[in-house]
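Enquirer: If you want the building blocks of each chain, they are given just below.
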Amino acid sequence: MAALDRVKVLVLGDSGVGKSSLVHLLCQNQVLGNPSWTVGCSVDVRIHDYKEGTPEEKTYYIELWDVGGSVGSATSVKSTRAVFYNSLNGIILVHDLTNKKSSQNLYRWSLEALNRDVAPMGVLVTNGDYDREQFADNQIPLLVIGTKLDQIPETKRNEVLTRTAFLAEDFNAEEINLDCTNPRYLAAGSSNAVKLSRFFDKVIEKRYFLRDGNQV
Amino acid sequence: TQMLSASSLLQVLFFGFGWLFFMRKLFKDYEVRQYVVQVIFSVTFAFSCTMFELIIFEILGVLNSSSRYFHWKLNLCVILLILVFMVPFYIGYFVVSNIRLLHRQKLLFACVLWLTFMYFFWKLGDPFPILSPKHGILSIEQLISRVGVIGVTLMALLSGFGAVNCPYTYMSYFLRNVTDADILALERRLLQTMDMIVSKKKRIAVAHRTMFQRGEVHNKPTGFWGMIKSVTTSVAGSENLSLIQQEVDALEELSRQLFLETADLHATKERIEYSKTFQGKYFNFLGYFFSIYCVWKIFMATINIVFDRVGKTDPVTRGIEITVNYLGIQFDVKFWSQHISFILVGIIIVTSIRGLLITLTK
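Protein sequence lines, in the order shown, are assigned to chains A and B.
Quick note on my numbering: the first sequence kicks off at 1 and runs consecutively.
Quick note on my numbering: the second sequence kicks off at 1001 and runs consecutively.
Rather than coming from a laboratory, the hints here were simulated on the basis of the structure.
Among these hints, one or two may not hold up.
Within a straight-line C-alpha distance of at most 30 Å, the following computed DSS-like cross-link-like pairs (lysine-lysine) qualify [what the hints assert, rightly or not]: (1) A:Lys202 to B:Lys1073; (2) B:Lys1202 to A:Lys78; (3) A:Lys78 to A:Lys58; (4) A:Lys78 to B:Lys1200; (5) A:Lys78 to A:Lys100; (6) B:Lys1297 to A:Lys58.
Over the 12 Å line for every Cβ pair with chain A, so calculated as not near, a few chain B residues [as the list claims (entries may be wrong)]: (7) Leu1063; (8) Tyr1119; (9) Phe1120; (10) Arg1176; (11) Leu1190; (12) Phe1212; (13) Phe1259; (14) Leu1260; (15) Lys1269.
Here the structure is a predicted model, which is why all the values come from computation and not from measurement.
Glycine is no exception: its CB is placed at the ideal position from the N, C-alpha and C atoms.
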């Protein structure tokens, strides 16, 4: 197979939300049997068909960079993490549906990643506080994924899903809620799989295609 | 009654302080699932602080003697109850509820764990002359003495660890010189390793996809018969893949090491910058004195063990004696030296708890 073009997508979130399980599910189509603490960054690759089913179909590599750690880490760890944020094309924000703090920390995660990437089209922030307008202007596509859906009892589900809908709106992003130990949530043809496909298409578009549709 | 209300107010204050400490410091980035944990922590903290406060009151002579005695008895009973019964039981309960196998009969297994703990706890008192005919077997003295044994051992361990760790952490003599170029070089190596991992994973992904498209489903050999089968009928492609997978595993281990080294370098650089500020210089200065104190303690402890003698006076008392004799200041040596040693050991222990936990979980 000829060498394919690539895009880089970061997977960010608090410790223990299920980023490694999610990345494993996305790339190997299998459930991760023995999740362990991620030290540093673990990368995996997914092959994606851009505009599948149309004549312009093209295959791309999507590199999923799963950066471990917590948002309150020491500055030295944050500076080391920042080396992975270079030239990123998309961000997947992962939070735990059973843990409200992990959802709140997503704002800080996204600021940490976006601040680093001060490219001409990047987001410039002055005081580090969250401001919705920054995200409206943001050129890097975001996707919000909530994990451990199976651990939420049926009675609380609506309340949790409303809360996450607001969260996704704040980021101007789509959201998917799933359970990483069950592959049926991302089964081909399901609405989650469609959203995922759309997100990856958007990432590839922003990277390789200018607004008028010509290839870079 | 005035005394009663004053001390209960203090107790409530300590409870609130423990609660806040838990929320703000310990569980800053996490969510508390079970409020029981927080309540027990705050209650234990409150009662421990109250005991400490009662000792200070005893030394200073505040409040009247009978109410102090009453409070002391009450506190002692409650703390023993918490330490010996509640905390071990809840630790066992939460450990058990995290293991999927034992999830069904949580209470039963928690009780089993607690009984095991009580057995070892009781056995702890065997080498010590605790059982005396005056007190009987099921008395408070039995429990306190065992708790005391554990407590003193822990304090000694922490103090020893702190004595060695303190000089290393505080003194800037031990700081290697780290330049920006070093950090950049290491970061570049890290990114190169990541790139190598990515390219290898791409090859594996492409191979999987072509095999999937060609209809060969690549199953990992599972179970005994699967392994036997894979020995005889091995596909050439899969052998190549497992080789690449091994290379990937090695590279991932390398990338983790590089990441930790880079984080270390960043931390060292920060410490160097901090040590150049005014605050840093002040702490460095204090650190030298502290380190000398720690080294002296280690030296004296070794001599005491080797020559099997009991230390008469510790360096703080000697130091104060010398100062008093030299400067001629009126000083109640015994009183102050006891307190100052107490405070110094307390500082060493408190600062070394964190250091010990970090070193153990590295």
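Enquirer: For Tyr1119 (chain B), is the shortest beta carbon distance to chain A beyond 12 Å?
Expert: 33 Å, holds
Enquirer: Confirm or reject the statement that Leu1190 (chain B) sits farther than 12 Å, beta carbon to beta carbon, from all of chain A.
Expert: 7 Å, violated
Enquirer: Far enough from chain A: is every CB of that chain over 12 Å from the CB of Leu1063 (chain B)?
Expert: The claim stands: Leu1063 (chain B) keeps its Cβ more than 12 Å from every Cβ of chain A (closest is about 42 Å).
Enquirer: Examine each Cβ of chain A, and state whether all of them lie more than 12 Å from the Cβ of Phe1120 (chain B).
Expert: 30 Å, holds
Enquirer: Test the statement that Lys1269 (chain B) is away from the interface with chain A: the closest C-beta pair must be farther apart than 12 Å.
Expert: 8 Å, violated
Enquirer: Run the distance test for Lys78 (chain A) versus Lys100 (chain A): straight-line Cα separation, threshold 30 Å.
Expert: 23 Å, holds
Enquirer: Do the alpha carbons of Lys202 (chain A) and Lys1073 (chain B) lie within 30 Å of each other, as the hint requires?
Expert: 70 Å, violated
Enquirer: Hint check: Lys78 (chain A) vs Lys1200 (chain B), CA-CA at most 30 Å. Holds or violated?
Expert: At roughly 27 Å apart (the allowed maximum being 30 Å), Lys1200 (chain B) and Lys78 (chain A) satisfy the hint.
Enquirer: Would the hint linking Lys1202 (chain B) and Lys78 (chain A) be met if the CA-CA limit is 30 Å?
Expert: 28 Å, holds
Enquirer: Is it the case that Leu1260 (chain B) keeps its Cβ farther than 12 Å from each residue Cβ in chain A?
Expert: 7 Å, violated
Enquirer: Taking 12 Å as the cut and beta carbons as the points, is Phe1259 (chain B) off the interface with chain A?
Expert: 3 Å, violated
Enquirer: Looking at Arg1176 (chain B) again, its CB stays over 12 Å from all of chain A?
Expert: 14 Å, holds
Hints 1, 3, 6, 11, 12, 13, 14, 15 from the earlier list are contradicted by this structure; the remaining hints agree with it.
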